[in-house]
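The whole structure should be built from the sequences, with the hints applied where relevant.
Same order as they appear, the protein sequences are chains A and B.
This note's numbering applies: residue 122 is where the first sequence begins, and numbers increase by one.
This note's numbering applies: residue 85 is where the second sequence begins, and numbers increase by one.
Among the clues, some could well be false.
[Said to hold, decoys possible] Beta-carbon label-pair distances, calculated as ranges:
1. A:E329 - B:F88: 25 to 31 angstroms
2. A:S353 - B:L107: 37 to 43 angstroms
3. B:S105 - A:S353: 29 to 35 angstroms
Hint data in this document are derived by calculation from the structure and do not stem from the laboratory.
The structure presented is a predicted model; accordingly, all values stated were derived computationally and were not measured.
Backbone N, C-alpha and C define an ideal beta-carbon position, used for all residues, glycine too.
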Amino acid sequence: MIKFIAKGLYTTIQDEGRFGYRDIGVPYSGYMDKENAQIANLILDNPLNNSLIEATLIGPTIKFDKSAFICITGADFNPMLNDDKISLYTPIKVNKGDILKINNSSVGSRCYISIKGNINSDVILGSKSFYSQITKSIVIEKGDEFNFKVNNDEITYKYIHKKFKLDSIVEVLKGPEFECLSKESIDTLLNQEFSIGINNRMAYYLNEKIKDRVNSIISSGVIPGTVQLTPSGQIIILHRDCQTTGGYPRILQLNEKSLNNLAQLRTGDKMFFKLLDL
Amino acid sequence: MEFFNLNENSLLITWNSEINSSLTRLISSYKAEILSICKNDIQDCVQSISSILIIIDLNRISISEIVEKIKMIDYKKVNKNDRIKKVWEIPVCYDLEYATDINLISDKNNISVREIIDTHLSKTYDVLSMGFLPGFMYLGKTDKKLYCERKEKPSFKIRKGSIGLALDQTCIYPRQSPGGWNIIGVTPIELFNINSKNPCFSRPGDKIQFVEISKSEYKSFKNRLDKPKLKEL
Numbered sequence: 122m123i124k125f126i127a128k129g130l131y132t133t134i135q136d137e138g139r140f141g142y143r144d145i146g147v148p149y150s151g152y153m154d155k156e157n158a159q160i161a162n163l164i165l166d167n168p169l170n171n172s173l174i175e176a177t178l179i180g181p182t183i184k185f186d187k188s189a190f191i192c193i194t195g196a197d198f199n200p201m202l203n204d205d206k207i208s209l210y211t212p213i214k215v216n217k218g219d220i221l222k223i224n225n226s227s228v229g230s231r232c233y234i235s236i237k238g239n240i241n242s243d244v245i246l247g248s249k250s251f252y253s254q255i256t257k258s259i260v261i262e263k264g265d266e267f268n269f270k271v272n273n274d275e276i277t278y279k280y281i282h283k284k285f286k287l288d289s290i291v292e293v294l295k296g297p298e299f300e301c302l303s304k305e306s307i308d309t310l311l312n313q314e315f316s317i318g319i320n321n322r323m324a325y326y327l328n329e330k331i332k333d334r335v336n337s338i339i340s341s342g343v344i345p346g347t348v349q350l351t352p353s354g355q356i357i358i359l360h361r362d363c364q365t366t367g368g369y370p371r372i373l374q375l376n377e378k379s380l381n382n383l384a385q386l387r388t389g390d391k392m393f394f395k396l397l398d399l
Numbered sequence: 085m086e087f088f089n090l091n092e093n094s095l096l097i098t099w100n101s102e103i104n105s106s107l108t109r110l111i112s113s114y115k116a117e118i119l120s121i122c123k124n125d126i127q128d129c130v131q132s133i134s135s136i137l138i139i140i141d142l143n144r145i146s147i148s149e150i151v152e153k154i155k156m157i158d159y160k161k162v163n164k165n166d167r168i169k170k171v172w173e174i175p176v177c178y179d180l181e182y183a184t185d186i187n188l189i190s191d192k193n194n195i196s197v198r199e200i201i202d203t204h205l206s207k208t209y210d211v212l213s214m215g216f217l218p219g220f221m222y223l224g225k226t227d228k229k230l231y232c233e234r235k236e237k238p239s240f241k242i243r244k245g246s247i248g249l250a251l252d253q254t255c256i257y258p259r260q261s262p263g264g265w266n267i268i269g270v271t272p273i274e275l276f277n278i279n280s281k282n283p284c285f286s287r288p289g290d291k292i293q294f295v296e297i298s299k300s301e302y303k304s305f306k307n308r309l310d311k312p313k314l315k316e317l
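See the structure below:
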């Protein structure tokens, strides 16, 4: 069993997500930074889409009541096991009674804590990923306990050439309503520097606005990575917990790589859009 | 029908014809037909008011292959739809405590609050699509007198059960959420129940009839998981 002694800022259980229910309005959810989450599973020989713990900016503190192998990936939160600093992107042996303190990140927003074996948590509509109105919990609270199946198989992992890195370039394709933008706004969008404003698992708001006053559209499908423009010129980039449809023009669409990278940007971070051809 | 590749594995099909009950039926039938011929190739298929968004399994099919399959569908076969339509009765409290934007619409559209309520109650609406949130229903069309733009700045917190107006549609928020619709009332009905085999009682193609209730009825109703009344057409 593991017990959360401190919950952190926004700590959740995530797996790949909840697929096949978007028609009744159920979001995908799932790992915000899918690439780093899957690497944490890969290093422990877990199934690629195993559930794990996602921490945001301020990490939780976890007590282990049985021994296990864990792996932490993503942003460096300066995690400590008891009093020792531990490495990322490598299997770490945790003993019964050990306390894992994730700490805080100074660069990047999210880290992933995978346990060799599997965390027990309710599977709802095919996924353990926390989401309001779907799972009982929205975030992990202080005192929460989770059982996990121990897997004592030998780890075959040798070495992974992975270092955490942030990119200020966000790669995009044209969205269905790209053509509603004026030449001037397209120029602003593709050449100006933007900065991250309010953000969460559902969406990232950008601080800089677009001059165009666009009209709403007839509500239509959106997916994580869809970039919306509101009538007031606000740019919103949808993320993993986003709604299934929306009524704002869809001006751009992020690719998977940039969606993972965006999950690691935080309020105030700078970014540029780079338009790709499909 | 227009096709647009949203990304590597997502295809958007849009219809540009007038929004009415027959377009809703046509899109519902297309969705059913697409799912029956490519079921295993499709991860998600999201029906909206005038579009379908298809997310495919790239291990099984490519965007160009699925476009070819969809183009082969016989329009006449699809245009016949014999689904039984249902009318759900949804109680609404229009009290000013919950109808936070009703005065705004009253001013903008030069129509009294009472007339907004009566106009809203005067029609039976089509469920045009579901989405935005689990159980969120887009209903249309509303009377011209109720036409309004979405709010320029979306609200961060809209009350669970809120009834909204935007463009020529009305909607119901199944949970507290941010959103851009103008709020004119609230329903005590539970719209999305995860413990049910079928979390949503309604599907696109069904109909909704609103019925006015008082503030005290809303409050006494509020903590019950009532399904709305159903009439078969």
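Outcome for the supplied range 37 to 43 angstroms, where the beta carbon pair is S353 of chain A and L107 of chain B: violated (30 angstroms)
Range hint compliance [Cβ, S105 of chain B to S353 of chain A, 29 to 35 angstroms]: holds (33 angstroms)
C-beta pair E329 of chain A, F88 of chain B: status relative to the range 25 to 31 angstroms that was hinted: holds (27 angstroms)
The structure fails to meet hint 2 from the earlier list, while all remaining hints are met.
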